[in-house]
Structure formats: C-alpha cells, structure tokens
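K.L.:
Need the complex rebuilt from these two chains, each delivered in its own frame; the hints are there to steer you.
Residue-level listing of the chains:
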Amino acid sequence: MITRRDQWTAYVVLGLFSILALYPVLGILGLALHTKDDQITGFALPTSFSLETFEKAWTDGNFATGLWSSFIVAVAVTVVSVVLSIGTGYAFGTMRFPGDSVIFGLILLGLIFPYEATVIPLYYDLQAFDLTNTYWALILPQIGLSIPFGTFWMRAFFRSTPKSLIEAARVDGAGSFTILVRVLLPQAKPALLTLSALIFMYTWNEFLLALVMIQDPDKQTAPLGLSFFATATRAGDPTAVAAAAVIVALPVIIVYVLLQRHFIRGITAGAVKE
Amino acid sequence: MAFLFLLPALAFYLLFTFLPLLHTVWLSFFEWDGITLGHWIGLANYRELLTDEEIRGSFVHSIKLILYYSGIAVLIALLLILVLQRAKPRGLTVFRTMIFLPQTVAVVVVAQAFVWIYAPDGPLNRVLEPLGLDRQWLGDFDTALPALGFVGSWITFGLAFVLFLAGMQRIPQSLYDAARVDGASVWQEMRVVTLPQLRNELAVVLTLTTITALRSFDLIYNTTKGGPGGETRVPSVLIVLNAFSYGRVGMACAVAVVLTLIIFAVALVITRIGDRGEHA
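From first to last, the protein sequence lines stand for chains A and B. Counting from 1262, one number per residue, gives the positions in the first sequence under the working numbering. Counting from 5, one number per residue, gives the positions in the second sequence under the working numbering.
It should be emphasised that the hints constitute simulated quantities derived from the structure, not laboratory data. The reader is advised that the hints may include incorrect statements.
[Stated by the list, open to error] Simulated DEER-style distance windows between Cβ atoms:
| hint | chain 1 | residue 1 | chain 2 | residue 2 | range |
| --- | --- | --- | --- | --- | --- |
| 1 | B | Leu71 | A | Leu1369 | 25 to 31 Å |
| 2 | A | Ser1421 | B | Trp30 | 54 to 60 Å |
| 3 | B | Trp30 | A | Phe1489 | 29 to 35 Å |
Ideal Cβ placement from N, Cα and C applies to all residues, glycine included.
Okay, chain B solo, but in the shape it has when bound (with noise of 0.2 Å):
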C-alpha cells in the first residue's frame, strides 16, 4: 500500500535527479564531444583534472567564495543575534521580514542589481570617489573575487538570521537570567548561553551557505562569467563551459563529480561536527 504512495513521486526523483547523476560519473569517464561517438578512457579526465591549472584554481576560488557566503555572512547574522540578547525591539518581524528578502530575489536579478552597484559610474564609486578609492570592481584582477563574495554575503546573511533567531526564540529566557545575576557581560552571553544553545541551526547554516558557495553558477555566470583572466571562474562554470562551449562533456562531467563528492563530504562534515558536540 505505501508503494502506491510512494511511486509517482520515486519515478520523478529517480528518472530526473538520481540517474542522472550516475549517468555523469559514467560519461566522466570518457572522451566525449557530445556529438560523434565518445571513447573510454578511464581516469584520464581526473588526472589531468588534478594537473590543470584552471580547474584547479576553479576550486580554489570556490573555497575561498565559502569564506563570504558562509564565514561573514554567519558572522553578521550572529551580531543581530548578539544585539537582540538584551533587547526585545518592537517591529521585529518587520526588520526580519526585510533582511530575508534576498534570499527570495532571482539570483539574475540580484546580478544585474551589484553589477549596476559595483559600475565604474556605479553608486558604490560615487561614494568612494572622494577619498580616491574607486575601482573597477568586476574588472580588476584583486577585487573581482571578494566583490562577488560580498554578493553571496548579502544574499544568504538574512537565511543565517532568521534561522538562528528561531533557534534563539527557544531559547529559555532563565539561562539567560542565570548569566546576568552571575555578572555575565553580553559577549560572554553569547559564548556561554547563546552559542552552545544554537549549535543545531549553526550546523545547518554552515552546510547551507557552505553549499550555496559551492555552486553560485548564477551569479558568477551573469556578473563576470569567470573573467578578468579567469579570476573568478569556479567549478559549475566550468562544467558549462565544458560541456557546452569547448565540447568536452566528459572532462566536464569529471568536473561535476568532484564537485559534487566534495558537497557531500561538506554536508556530512559539518553534521558529524554538529552531532559530537551535542553528546560531549
């Protein structure tokens, strides 16, 4: 009886999503313009995978990518959390309603919005132009990366908020009287009461923005599409621009395995981490 349930949806996810992917491993393995007959050749597209330059430096650009959507954006989101420790502000599913919003926009849309932001001619350099430090942000070699970093910051922060402020919303309000009559200050607040209280949402934030890091084909594909020389160029970009640009679907397809094995491992990482902390 539960099959009958269980079917229609099984077939979707199994035709469309879970096949598909061990598709990919089987085509990494071959040398395949995606046209004429393709050819088996084992491990070749990993290993020159492992010695190429640019699909190398793809993946380096993607960890350091995790250092914006994940690090500062987890590190905003616990500063609104540090100020609302002592404070009970009127209007706060307005102010969250609003710092959510990003998550919400189409990622195209919110290209478009920081390539007008970051503009030679943009607002941003309207500002910084009277203390000369105007740039071409998108254009220069040094700050293409953190630039669309930031973007990534602005976009899951308000996820990293709204899930650690639902966390703290179960939080029992004596812990936090307990801390204050032994004379805590906000900052040890945090660390004794707040912090180890929000280890679960902490671990699900890590491995969302971790994930979101990891792919952000949409925004770099809209904003830069790897450029200036490569500096910005990451995995999911190369998997396209393989597959579809330089004809080469297997090497592609290598790409996307690795990428998706270092997904999972991230995911499974961070949970074990979350997990161990909560027993000890």
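Chain A on its own, in the form it takes in the complex (with noise of 0.2 Å):
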C-alpha cells in the first residue's frame, strides 16, 4: 500500500536534509581546495584542484605536533577506557554485591555530567602535581568521564550473554577472570568496538579540556591548533582555515565512514535502554 507519491515525498524530504546536513562539511572542503586568491563563490567548485593551501595549514598551523597530540591522547584514554570498562561492566552484568545498585547509579550520573563544572579545580589540582601543559592532563581526565558510559554500554553486553554459558564454565572449575578473558570476551568483539569508536570520537574531537590544560605549543590537540591557528588566520586567508579544519575533522570522518553501522548502534542502544 506504497503509493508513488509517499515514496517521493520521502526521497524529496531525506535527499533535502541530507544536503543540509552535508552542505557545511562539502563547502568547507571546497573553500580549502581553492588558495587565497582565487575569487570563492558559495556553491562553484574549484576551478583548480590544488593542495596547496593544505600544505600551508600543515605548515602555519604545527598541525604535525596537534594530530600526533591528539593521536596519543585518543587512543591512551580509549585503549585504558575500554579495559576498564570491561571490568566495571562485568561485575555490575554478572555478579551481585552490596551496594551494586548505588554505585551502578552514582556512576550513571556521569552520563549527563557537565565537566564545564570541574575543569576549573580539575586545573588547579593538576597544577598542584605539576601535570598541566602534560598529555597526562587530557588523558586522565577523560578516562574518568568515559567510565560512565563504557561501564553502561558493557554491563548491557554482559547481561546480554547467556547465564548457562558462565555456569558451563564455572562447572568446569573456572573462575571469574578465566571465563571473562576466555569465555565471554571473544564473543565482546563487536561491543567492544563500537565502544572503542565512540570514545575515540570523542576524545580526538574534545576542545575544553585542552584549552584549559596545554599551554605549551608542543602539547596542542588538533583541535585546540585549530581554534588559535583559526583566530590568528581568519581574517587574512579563511582558505587555510578551511584546510585546517579538513585536517582536524579528517580522521574522525574516515573512521565514521568505515564504522558507521557502530557508530549509530553505539548512539541508538546506549541513550534509549533503561
């Protein structure tokens, strides 16, 4: 009972916000492949393909030092966020213990938590141990504001799993450490990635923290590079602006592209059940 006209009007309505949605990404692209002086109109492609504004984004804007910054900060606080997680997840999915619930729902609050309210202590203490202006100062942090949801998100993958597999094993005389490593964590492997890929996402993108924290140049996330790099440049050439923020969003966007299907599961399962 599709009538044409229904099917129209969806392919007219999707195809009309899925250009909205595009369109700032597209064009900032656009504008980066052109160089300062060309004439840039709002919707024309460039007339020359040209990576050269690209290289003086790279070169201006120290954009080596900011991925590599950003690099080893995303995967330290993904790699120890998700061994992490796998933990709290497992004890909250599988076991019973005084005092599960209040933790379970203490850590939960994390979830709507707005670290705009900690960061300024959050700077004061890391001060005090010597740790700003260190990776140390945006990886620490943000292990503990991933907790949260990597804690919910395998605790949902843990219940998942079937109780008569973890009495088979414990039958067998094992005990919780060896039927986490070898029972249930070969079958975690999607979980776990889509895990990974969110809070990989995040922490590349995050720009507060490091704002406050890395003063030093040598220590700068991509991000951040791009908020002075885009302060100082704006004015005089928007062309190299544009071709740092390409840089910036580059890696996430490929990593997206590749995981997409995780990415929305990741989204969708985690905010709705519960």
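P.N.:
Structure (structure tokens):
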C-alpha cells in the first residue's frame, strides 16, 4: 500500500535534509581546495584542484604536532577506558554485591554530567602535581569521563550473554577472571569495537579540557591548534582555516564512514535502553 | 571479587570527575583569584549571581538556545519520521549516515564552517543579497544568538532522527495498518501511533539535546566568544572567563554549580514525565 507519491515525498525530504547536513562539511572542503587569491563563491566547485592551501595550513598551524598529540591522547584514553569498562561492566552485569545499585547509580550520574563544572578545580589540582601542560592532564580526566558510558555499555553486553555459558564454565572449575577472558570476551568484539569508536571520537573532538590544560604549543591537540590557528588566520586567509578544519575533522570522518553502523548502534542502543 | 573489577575504574571516576565536582562546590564559597590565598565568603557569590545582569543574561541565552538545539531539531526529525510512515525508500542507511554526520564532526570544525557560511561575503549572504536580506549574521545584536542556535539545530537533528528511526523500526506494522483501515491521515498516524510509541526516544532526545544546548561552550568560544556586546554569552563561557581571565575562581565555580544543578534538574524532570506517561 505504498503509493508512488508517498515514496517520492520521502526521497525529496530525506534528500533535502541530507544536503543540509552535508553542505557545511563539503562547503568547507571546497573552500580549502581554493587558494587565498581565488574568487570564492559559495557553491562553485574549485576551478583548479590544488593542495597548496593544505600545505600552508599544515605548516603554519603546526598540525603535525596537533594530530600526533590528539592521536596519543585519543588512543590512550580509548584503550584504558575500554579495559576498565570491561571490568565494571562484568561486575555489574554478572555479579551481585552489596551496594551495587547505589554505585551503579553514582556512575550513571556521569552520563549527564557537565564537565564544564569540574574543569576549574581540576586545573588547580593537576597544577599542584605539575601535570598541566602534559598529556596526562588530558588523558586522566577523559578516562574518568568515559567510564560512565563504558560501564553502561559493557554491562548491557554482559547481561545479554546467556547465563548458561557462565554456569557451564564455572562447573568446569573456571574462575571469574578465566570466564571473562576465555568465554565472554571472544564474543565481545563487536561491542568493544562500537565502544572504542565512540570514545575515540569524543576524545579526538574534545576542546575545553585542552584549552584549559595546555599552553605549551608542542602539546596542543588538533582541535586546540585549529582554534588558535583560526583566530590568528581567519581575517587574512579563510581558505587556510578551511584546510586546517578539514585536517582536524578528517580522521574521525574516515573512522565514521568505515564504522558507521557501529556509531549508530552505539548511540541508539546506548541512549535508549533503561 | 566484584570490587577487584570495579576498583580501577571507580578510582578514575571518583578522582577525576566526582571529587572535582565537590571541589567546585567548595570553591564556590570563596573569593579567590587563583594565585593568592582565597577567603571564605559564604553564599556571597550566589547572591551576586542572582543580581548580576551579565550572569543572569547568560542563563537566559542558554534557555533560548534550548529552543533551537532541542525544539527545532526535534521538529525536523519528526518531519523526517512523518514522511517515512508511508514510505520504504531504498538507501535509507545511506540517508541515515549522511544525516548523522554532523554529530561526528568536532564542534571546533563546525564553528569554522559556520563562521564562513555566515560571513559578510559568505554563501548565505550571496543567496540573500539579491533579496536584500543579507546581514552580518554573527556580528548583529539581533541575529547572533539565533544564528548560533541554528548551528545547534544542525548539530543535533541527526541524533534525534537516528534515535527516532531506531524506535520507529520497533513499532509493529499492524498498528499502522489498523490506523489506515480506520482512514487515518498521515498526521493522525503520527499523533495516534508514532508519537506514543516513541515516548522513550523522545525523552532521551529532549534530555540529550537540552544538555548539549546548556553546555555549548565549544561552539560559542570558537565563533563569537560571547559577543557582540555579550549577546551570545552563556554560562559555560562565563565559567572560563571568570576563572581564567577575570581572576574570579569562586564566582566561576558558583556559576558551574548552578549550571550543574539545572542540568540535573532537566534530566530528572524529563525522565519523570517520560515515566509517568508510560504508566498512564
């Protein structure tokens, strides 16, 4: 009972909003493919293909350092958070212990928690330990921030694994740790990939913490570098800012295109259950 | 045994998230410039916060932003859901991937894209100029906040759509068939079948987008920095300004505490309303 008209309406509306979603991203890519001296119009494709602007942005904006810092921080946060979340998810998903629901509730609070509210004392605390201007100042707090979603996500995974599997292994004399590593984790690959992709994205894109913690240009993350570069360059050369923006966004967009199912599954399943 | 699995993660969470929050509350009772010794002033920061025009204004701006980040984004997403009630377009996954893309782009990058779009000689003005509607979107007192609000809608509508779509795919087709047999229009199908079935998703989307609107630091810092004339100043920007530019760490913390309380309250109220609807 699907009419042609309804079908076409759907294509038109979805198409229109897809263009709306893509336009700013493609627009800035188009701008980046121009050079400063080109006549730039909003919708025209570049007349000549040139990576000159990218080279300029890469060097002037010091993005080799920026991407490297972001990469170290994002990988460290992702790996540690995922490993720790396996532990908490396993505990909450398969064991009962005194105070479990209280502790779980406390952790869930972190899901809606605005870290704008903690960044100030965090700055002074980390300064006291000489940790500002180091990667630690970005890595440690973001592990703390990733634990709530990670715990929530891995708990849901462990609850969905059949109880009989755990029982059978226990009868065979396996301890909790062996069950986790030998029986459960081999099945957890898709869930772990989804979680890793999301934490990597959030960490890569993070801005406020880097702004507060990092003054040393050699420790700048990519988004922080972009912010400074844009402020300094925007008036003189918007094309270079556009190229810098593309450089910063590209790694996550590539990961997103490759793993889009994981992103969307993570967001939908993570957000709606319970 | 369980605590062995919990302990490392809990340590990170408590040390770097939970304790700093308590520390924020503590600092909000002080007058402190961040360098010299601070002194206890009790609730004075909170009293000033209630009377200070700049700070009160920043909360009003935030509430206006909710209209865009949450309201407009949800309406767009519902429109997309509406046209899908009676259609099975091919390539829905591709549309979904494109529409969700804004959620994955760093907000610092988004800010650069929209500074360009809104620029005096940018694409938006090129379209509007022949109609005489071109403006200094981010430089004008009247348009700066709405202009940033629409960026917020752009960021969040894909999230709303993806969540609604996942919820919609769980609605049994029989409910739509029954409505159609009764001669329901598309709008009636929306009101009678889709919306009630999406109540959970709606609560989640409203919570997430409202929280995003209340935070919005990255976007505003990287576009207007609160200008022009303070018209786009929001609490998160004031927190950073007070703490690191004005040397008023205690005041910054007081703003942070109020912002946190508002966010917790919003989450609680929306969840409650969602729950009550379910039992009704």
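K.L.:
Compare the structure with each hint and give your call.
P.N.:
Against the structure, the hints:
1. Leu71(B) / Leu1369(A): 25 to 31 Å: Hint holds: Cβ distance 28 Å, inside 25 to 31 Å.
2. Ser1421(A) / Trp30(B): 54 to 60 Å: The hint (54 to 60 Å, Cβ to Cβ) is violated, given that Ser1421(A) and Trp30(B) are roughly 41 Å apart.
3. Trp30(B) / Phe1489(A): 29 to 35 Å: Holds, at about 32 Å.
Comparing the model with each earlier hint shows a violation of hint 2 alone; every other hint is respected.
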